[in-house]
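So in this note's numbering, spot 138 of the sequence shown is number 638, and the numbers just go up one at a time.
Honestly, the hints are just simulated from the structure, not real lab data.
Just so it is clear, the structure is predicted and the values come from calculations on it, not from any experiment.
Just so it is clear, CB atoms sit at the ideal spot from N, CA and C, and this is done for glycine as well.
Treat the hints loosely; a few may be bogus.
What the hints assert, rightly or not - Simulated restraints, written as ranges between beta carbons of each label pair:
{"no.": "1", "residue 1": "A804", "residue 2": "S525", "range": "21 to 27 Å"}
{"no.": "2", "residue 1": "A659", "residue 2": "S814", "range": "19 to 25 Å"}
{"no.": "3", "residue 1": "N532", "residue 2": "T771", "range": "34 to 40 Å"}
{"no.": "4", "residue 1": "V614", "residue 2": "A804", "range": "40 to 46 Å"}
{"no.": "5", "residue 1": "R769", "residue 2": "T546", "range": "25 to 31 Å"}
{"no.": "6", "residue 1": "K526", "residue 2": "P772", "range": "43 to 49 Å"}
{"no.": "7", "residue 1": "E750", "residue 2": "E711", "range": "40 to 46 Å"}
{"no.": "8", "residue 1": "G717", "residue 2": "A615", "range": "15 to 21 Å"}
{"no.": "9", "residue 1": "D784", "residue 2": "S525", "range": "50 to 56 Å"}
{"no.": "10", "residue 1": "G758", "residue 2": "L713", "range": "20 to 26 Å"}
{"no.": "11", "residue 1": "Q617", "residue 2": "K526", "range": "30 to 36 Å"}
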Amino acid sequence: MPAATMHKIVKRDSTPIYTSESQFSKLKEISNRTHSKIFRAECNATGLQVAIKRFQKRALSAKDAVHVAREVHLMGILRGEYGIIHILGFFEDEDYAYIVMEYCAGRDLYQAVVAEQRLDEPFAANKVITPLLTTLNRLHSTHRIIHRDIKPENVLLSATGEVRLADFGTAIQCEVEVPFLAVGTLDFMAPEVLGSLAPKGAVESPCTTPEMLEEAGLKPYGFKADVWSLGALAYELVVGEPPFYHEETEQTKELILGSAYLYIPTKFRGTPFARFVAAAMTKDPAERPTAEQLLQHDWIAQHAQQEEEKKRDSE
């Protein structure tokens with residue numbers, strides 16, 4: 501990793517509230533990921549429970565360091581936005597970089613699916629997918645950001661059951677950089693993302709233009725990649741496994757890229773749920789609906805209406 505990147509990943513214009521790991525106590529590891537560890541901790545000054553995402557600098561490649569800087573920048577843009585994990589601060593020392601975030605006392609959706617095998621359909625529609633669609637619509641239309649790694653592990657539940665979209669390490673702002681790399685998690689990657697022909701070592705940067713990509717035989721993709729991922733997420737929550745799951749990753753790739761249709765289990769065929777995931781996972785992104793359009797889908801409307809009726813009946 502270049503010395504300059506080792507020295508400073510993110511330049512700050514103001515003094516952060518948090519400047520050292522010593523400001524926290526009761527650290528407990530809650531997640532161990534490829535490039536980072538996440539700890540629950542307590543702020544010594546306020547007693548606030550926070551989550552700290554810690555990156556070991558020497559383990560980061562130059563590209564990884566760019567992703568960390570991008571994550572901090574985009575989370576700063578999205579601070580206070582509905583349905584997004586709130587960033588509380590960022591600091592570095594000689595060995596590590598730290599992102600301090602709000603702590604969700606619930607669990608992530610992956611833990612929920614493992615524990616329950618699959619989620620109740622009304623809960624999935626009303627409490628998970630509808631809020632996520634609302635969040636994605638804001639990300640896409642207002643902030644021009646693609647998340648690019650929507651999956652159960654990156655959707656957290658608060659103590660009150662509200663969903664929070666987390667991990668913006670692979671997110672990208674389309675008005676700044678043109679997305680063209682195959683990034684994300686295989687089971688939830690859209691065909692246009694997985695099918696990227698970008699050579700190993702290619703980097704997305706503000707210097708890259710669509711014209712340059714066209715000359716290189718590469719295709720950019722857009723916001724609807726997130727819509728596909730959300731459809732795959734909805735499928736796993738309700739059915740109990742990813743739509744193209746296979747023990748062999750190469751088979752999963754072939755199924756995502758080559759399947760002419762989406763397999764729907766018999767009990768769901770012909771239902772609003774089946775139509776929802778089929779629409780969200782339309783292979784051609786030009787034909788795929790937007791997050792805003794999916795908010796009007798009959799599956800979403802059906803469960804919203806049923807929830808309203810239950811509320812009225814209980815009054």
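For this session: For A659 and S814, compare the CB-CB distance with the range 19 to 25 Å and indicate the outcome.
Result: 23 Å, holds
Exercise. So the hint says 50 to 56 Å: do the beta-carbon atoms of D784 and S525 match that?
Worked result: With Cβ atoms ~52 Å apart, the hint holds.
Exercise. At the C-beta level, are A804 and S525 separated by a distance inside 21 to 27 Å?
Worked result: 43 Å, violated
Exercise. Is it true that R769 and T546 lie within 25 to 31 Å of each other by Cβ?
Worked result: 53 Å, violated
Exercise. Does 40 to 46 Å hold as the CB distance between V614 and A804, or does it fail?
Worked result: 27 Å, violated
Exercise. So the hint says 34 to 40 Å: do the beta-carbon atoms of N532 and T771 match that?
Worked result: Given about 38 Å between the Cβ atoms, the range holds.
Exercise. Are G717 and A615 spaced within 15 to 21 Å by their CB atoms?
Worked result: With Cβ atoms ~45 Å apart, the hint is violated.
Exercise. CB of Q617 to CB of K526, is that within 30 to 36 Å?
Worked result: 33 Å, holds
For this session: Hint says 20 to 26 Å; check whether the CB-CB distance for G758 and L713 agrees.
Result: 24 Å, holds
Problem set entry | Pairwise beta carbon distance, E750 to E711, judged against the given window 40 to 46 Å | 33 Å, violated
Exercise. Taking the CB of K526 and the CB of P772, does the distance hold inside 43 to 49 Å?
Worked result: 46 Å, holds
The structure shown violates the earlier hints numbered 1, 4, 5, 7 and 8.
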